[in-house]
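**Q** Chains A and B, in that order, are what the protein sequence lines are.
The opening residue of the first sequence carries number 1 in the numbering used here; numbering runs sequentially from there.
The opening residue of the second sequence carries number 1001 in the numbering used here; numbering runs sequentially from there.
Honestly, the hints are just simulated from the structure, not real lab data.
For each residue, glycine too, the CB sits at the ideal point set by N, CA and C.
Honestly, I wouldn't trust all of these hints.
As the list claims (entries may be wrong) - Going by beta-carbon spacing under 10 Å, a handful of chain B positions derived as facing chain A:
hint : residue
1    : 1035
2    : 1039
3    : 1044
4    : 1046
5    : 1145
6    : 1230
7    : 1232
There are 2 protein chains.
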Amino acid sequence: MNKCGIFDSGIGGISVAKEILKTKLFDEIIYYGDTARVPYGNKNESTIIRYSLEALEFLKNFDINFLVVACNTASAVAVNELKKEAPFPVLGVIEAGVEALKNEDKNSNILLVGTKRTIKSNKYQNLLKNKGFQNITAIATPLFVPLVEEGLVEGEITDKIFDMYFKNIDKEKIDIVILGCTHYPFLTKTFEKHFKNAKLIHSGQAIVKMIKNNYNLKGKKDTKIRLFASDNPEELRNRAEEWLNVGG
Amino acid sequence: MNKCGIFDSGIGGISVAKEILKTKLFDEIIYYGDTARVPYGNKNESTIIRYSLEALEFLKNFDINFLVVACNTASAVAVNELKKEAPFPVLGVIEAGVEALKNEDKNSNILLVGTKRTIKSNKYQNLLKNKGFQNITAIATPLFVPLVEEGLVEGEITDKIFDMYFKNIDKEKIDIVILGCTHYPFLTKTFEKHFKNAKLIHSGQAIVKMIKNNYNLKGKKDTKIRLFASDNPEELRNRAEEWLNVGG
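Isolated chain A, as found in the complex (with noise of 0.2 Å):
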């Protein structure tokens, strides 16, 4: 039985469930969401750290054999906390992010957006670094996920806060666009946009390569999935069958 754990500050990494459940290569599914606390944007490293511990014994119960981690910004402060305490292999959307462009030229432009923690971790920037990769530019653009929380995924004000985020880049030169938060593959199409020339790495899409390029996992299963909050189950079961079409 392959059971994989996903883990969520909230109901973004939805986005990322789906991309796996695409892959038919689990039996199944547990998802924690921290809708008791989230965001974890804009909270201290050892309380992060201490929330991700916390969803992984939660998520233990349930005998996973492999956990995602498909909060940015969980990802960018407790992945090797979480890999020490974990008996099986641990997966950061940042790195996988960073995987992904493994076969880009190095001297593209990149942007990277997120929320103010994972910009100012430098986690992303870092790891680039050292894939060799050396025009980046990390922008913090923190009004986005209320964007998508209230459903204004595209439209004049959408594109005037896309206007000022990045009113000092010259927008046609970037060729890399990653998007460093779960909520933000549903602003896809102002991305597209506003970025014309560049292609744009989802979180969901970059874990489900690093699986398959890393760990030799086969078969078709019918794969379940199960959903757990912290709070406002009800929400994420909602927000889950919107956007996975199953329920809870």
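Since the structure of chain A is provided, determine the placement of chain B on it from the hints.
**A** Coordinates of chain B only, in the frame set by chain A:
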């Protein structure tokens, strides 16, 4: 020794602390922001009640004899439970906001704005109806807190978001706007621009009025303020220094 505890989910309640500080009625103010679990606006009632009771326990350690619940969401759902547990007066910003309207015309057109949870709780609306007000429009405006956090308190984006939230109401006919969230006073200029004929009700000013009208506190104390946060206390102190011109 009169010691006033102030509890908020985050740092927004500093706007309430500022008004209480100005009264010089207390020897000491103890501010506790539950920044590790902010925001409360999208959490479950039972979770918010639990967090609020934990905040009360924390503040009791400082021998407070007065508690102000500066968080509108906690005021909406947890004030009754806090009153049962606290051996001293507990004042919520919602009751204060409603009491501030006691001399207003009962036919006034009232606009209430707040988080989804505050609006959905119907607490403001029910209290206003009990006082005889009938013309109440309530609108949840979840983008306002992130706007304030991003410093976008006026300008084109803020105007357009106001236009979006208030597109279905006749702004000129609004007599009173209740700012049902402690972050919203920072948007005062934009509210004044969009609601030219309206009186704005700020939580902090309403709480001060309620304290003065109901409790026989006297004197001009040299009020000290102590600040505590469940996460990132340095951010709370920085914000407090900026807003109050005091240290932590």
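**Q** Look at each hint and say if it fits the structure.
**A** Results for each hint:
no.: 1; hint: 1035; in the structure: 8 Å, holds
no.: 2; hint: 1039; in the structure: 8 Å, holds
no.: 3; hint: 1044; in the structure: 5 Å, holds
no.: 4; hint: 1046; in the structure: 9 Å, holds
no.: 5; hint: 1145; in the structure: 8 Å, holds
no.: 6; hint: 1230; in the structure: 8 Å, holds
no.: 7; hint: 1232; in the structure: 5 Å, holds
When each numbered hint is compared with the structure, no violation occurs for any of them.
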